[in-house]
Amino acid sequence: MAKTHVKMVVNGAEVEGLVEPRTLLIHFIREQLLLTGSHIGCETTHCGACTIDIDGRSVKSCTMFAVQANGTDITTIEGIANADGTLSALQEGFRQMHGLQCGFCTPGMIVRAHRLLQENPNPTEEEIRFGIAGNLCRCTGYQNIVKAIQYAAAKINGTDFQEAAE
Amino acid sequence: MNDMTPTREQREARLEGMGCKRKRVEDIRFTQGKGNYVDDVKLPGMLHGDFVRSPHAHARIKSINVEKALKVPGVLAVLTAETLKTVNLAWMPTLAGDVQMVLADGKVLFQNQEVAFVVATDRYAADDGIGAVEVEYEALPPLIDPFTAMDANAPVLREDLAGKTEGAHGPRKHHNHIFEWTVGDRELTDLAFDKAEVTIKEMISYHRTHPSPLETCQCVCSFDKIKGELTIWGTFQAPHVIRTVVALISKIPEHKIHVIAPDIGGGFGNKVGAYPGYICAAVATIVTGKPVKWVEDRMENLTTTSFARDYHMTTEIAATREGKVTGLRVHVLADHGAFDACADPSKWPAGFMNIVTGSYDFPVAHLAVDGVYTNKAPGGVAYRCSFRVTEAAYCIERGMDILAQKLGMDPAELRLKNFIKAEQFPYHSALGWEYDSGDYHTAMKKGMETIDYAGLRREQAEKREAFKRGETREIMGVGVSFFTEIVGAGPSKNCDILGIAMFDSCEIRLHPTGSGIARVGTKSQGQGHETTWAQIIATEIGIPADDIMVEEGNTDTAPYGLGTYGSRSTPVAGAAIALAARKIRAKAQMIAAYMLEVHEGDLEWDVDGFRVKGLPEKFKSMKDICWAAYNSVPPGMEPGLEAVSYYDPPNMTYPFGAYFCVMDIDVDTGVYKIRRFYALDDCGTRINPMIIEGQVHGGLTEAFAIAMGQEIRYDATGNVLGGSFMDFFIPTAVETPHWETDHTVTPSPHHPIGAKGVGESPNVGGVPAFSNAVNDAFSFLGSTHIQMPHDFWRNWEAAKRLGVTG
Amino acid sequence: MIPGEFEYHRPATLADAVKLLSELGEEARPLAGGHSLIPMMKLRFATPEHLIDLGAIGQLKGICRDANALVIGAMTTQHDIITSADIASYLPLLKETALMIADPQVRYVGTLGGNVANGDPGNDMPAVMMALGGSYRLEGPEGTRDVPATDFYQGAYFTALEPGEILTAISIPVPPAGHGYAYEKLKRKVGDYATAAAAVILTMASGKVAACSIALTNLSETPLLAEAAAQAVIGTSLDDAALKAASAAARAVMNPAADARGTSEYRIHVGGIMVMRALQRAASRAVA
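Protein chains in written order, with the working numbering: chain A, 1 to 166; chain B, 1 to 806; chain C, 1 to 288.
Check before you lean on any hint, since a few could be wrong.
Computed list of lysine-lysine pairs in PhoX-like fashion (alpha-carbon distance at most 25 Å, straight line) [said to hold, decoys possible]:
hint, chain 1, residue 1, chain 2, residue 2
1, B, 673, C, 187
2, C, 95, B, 800
3, C, 19, B, 673
4, B, 21, A, 7
5, B, 23, A, 155
6, B, 71, A, 3
7, B, 227, B, 324
8, C, 95, C, 19
9, B, 68, A, 155
10, A, 3, C, 189
11, A, 155, B, 42
12, C, 95, C, 61
13, C, 187, B, 468
14, A, 3, B, 42
15, C, 244, B, 800
16, B, 800, C, 19
17, B, 68, A, 3
What the hints contain is simulated information worked out from the structure, not anything from laboratory work.
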């Protein structure tokens, strides 16, 4: 099949490549751009491990073709750290609150949480849980992920973080 | 001493040793998307392999035509059983003493079984190639119901076992029979039942489910023709075992096989055994001379790799009228699917099911397990089961609730009455285990007080009256689960994997500038070993955990270990780590004595160095001793500071816990709400409380899913249902309840640091808590036992059967 | 999990899209959000040879007022619906329903057009459109036509869309101010299709139901307008007897398949309960 040329901005840098129309965006990101932080956990669009941020939307990149993303502005987990290379509030929150174990869902979870906090800078626990319902985790049971996101929200907003007791 | 001298507390804190909530080392790379998982491995010229799979559950293969497939652009080769036969790999040995087809040889035995392996330039071409392979099948009658597996006219599944009346575990009763395993005193147990005042008997089924880690099983195999060396990156919870297995079946010598388990995205027992994908990728790399990657997709994972459970347990308990148990008799029908591929230690075809006496002092007991073949995927031991302990715990905890109901006793009261008492430890169970330590009464009472158990039962009584009066359509259940686990496989006298004893190992080497590296035979898939193993070492040898690098998973450098599953890492490798560290400390003491010009016996250990007794200013830090180890050791001593320990545990360890689940169910819709879940765990010494809590959260979430709807089912013709995330219940953050965790500490007396392991406890203890809550909710309406899983619709069916639906 | 090969087209105008679809015939499918089609393609259950991406066609986006109706472009996403001030004011039932569809990521991409045009009995919006009296604008090689939602669904994956036609907009008459609404959806977990769901729109007057419309999701091969059920409550104060009558009338038209969500009997039973709960919730929101 003849290949198409695509161009997009990924983590602030312009990138391009040749893809078949059927090339899934997740494969373009992982195998051509060599950004392997985004993962594949299913083929039915449920797990969210492939979540990226595209033109200000959380999107499961396994359910989009690279050609559909032509001309867009994409952020993956590799683009989440602060400009000076230090960990973002979310990345710090996940570490402080033990919001990850095997790490496989973590990139998609953090990229989704990043957009969630843009949508709603001060979410309640219920809003957080609803806001990450498109990201499955098998290790943590989500409780510490919720705390991680609360930690990050507090840090970003400059408020105090009160860790919920067990 | 001046104000700048750090206090003892400060020095201890700086080490971040055992007992503290050390933040994880792994998180630095994982939160930045810089983990290195198998599918991240990319080698020059790498090819991609993928399977053609059978749509039939049971069928003869009439022909396989690969002509069209070979013409698909990008497809380079198609392996079939015929190809594999040329290297004697069409079949492979399983860990349970059976054999398993790598590629279908003449027939297929379960839906989605591997039939051919397409090798192509990339995964897209491989997928195209799969569609072009033409297979002709002749359907055969499928055997799906394990209860009919041993009928006289049951279909013959394993033609390869024709005439074999002896299996790996003894005589076979029938062509679909695998083994019978019995333990306990049959005569005395039957006697106890004959004269019992009260007995219960119930068929308690633990349905088939699947561990479903978020990363599926995968590997990259790369054969270097020049050197004759095979390198395999793979999702391996036991990389050394994989290396030995590959050496045994491939005839490539073991020293020329390099197995690397990099970061693994969850294991839960799914990634212990060898799968056809690994073998086919290995053969393909040898045949093509290029690296070959195999990555299974989710549906392949759920429907063909190691399933979990599928135990049908006829459970009988005998007791006095006052509620003292006098006997336990259990028969299990075990559905193993088409091949017995259970990842059990070799002498244990039913794992450690004989922990089924649980936390209770049964004077006599008998257990019999019959394993049978069916046309389903192979496996059985996985999913935080500790080798069938999940099944055993569910059996006894459901059984005790059923007994309580018959006696008209409160379930917690019945348990307290029958617990093994603290003074009875070490306790010899009627089915052959020596429980190391426990204090069940303290744990149970702490739990009951914390949740106000008495108050909950009063509330339940009021709600039941209100229900009968028609004032509410909600019923309330309190699920009690007091489990005793058995982990830490295991002592060489009775535990081996394919003949290799189940010790584990640690090698520590300290560098001149005072930091070091530890290599261990285990392999974390999220348990945080890089963080916790360093904590053990930090406490034992006084070097900050941050200065100890921990490495696992590379079989060239890690000492031989049996891997991570069955919660064995802390009990076995944790001991090896402590003992290796103590060897180093012993040598360090001699060096310090030499440096301080005193006798070794004049020194005492003080947090991070040695101090002369009575002369506090004469102190040598471990940092200084490390330097000295490389230039001024006592005469006759070798330089350097390293040690290795291979630890053969003297016994298993026995973590335990008290879990309570409060649940409300709407009888009109079957919808449940988990109001509260409290989990108290006793895993002995706690290395990192933060990580323990995380393990408990995760295991409870798995237990919740299993009990409340997660299953792999088959219809009558052998089609697998629930084989994708559409129907296979993985809860999101919205459904997952809030978990309250608590603990007591009863160290293991035989373990160097008193630690028992905890990873699987929440799944073991969690499922009974949920299932008992549902059953407890309905019990006042006249039900004795409602089978899992407790989906909404099944709860409604139960309500309907009891005549309470609107 | 890899789709078969296809050619990709991204027309700039609706006219181009219609022309392409016509010319390329049966083997061409329009691509909206893709979150129903692409998963099918990955499993190779759908193997179109051409995909016509509607994403660049500005005309298909937007929410605007047209006399007494709200007209929603087919490429409007569920997220757009949730964040639209107009929808929140005039058609809050849509917002409530959109929030129950799938998960945040899917809602960012999934479109209203895709959800109503697919013909999948599990989609939520079709029943809501039926209850609201919505109609679909279809553009094809023969021209434009409007089809009421109640006439659109003919069977599972079988709709009134003729070959070459694209659904371009959904027009919904704005319910009167003070109306009551509810979408009651029983599901196994967030993101799941309905085990049973009911959409209700009603108005109250002097404590009695003045007008009412009830529609059902995933309880048959198509969404269902439960007309007899609605009739059963009009003129009543929605007392117990009226609720039960509505539930019974609704159940009488349901015939859901048995699947992992439950037996047919269970789904019909809870379908009836969804109708009652939706009526109660709608009434609690209605003025007078």
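>> For a quick check of understanding: which of the numbered hints are violated here, in increasing order?
In response: 2, 3, 4, 7, 8, 9, 10, 11, 13 and 16
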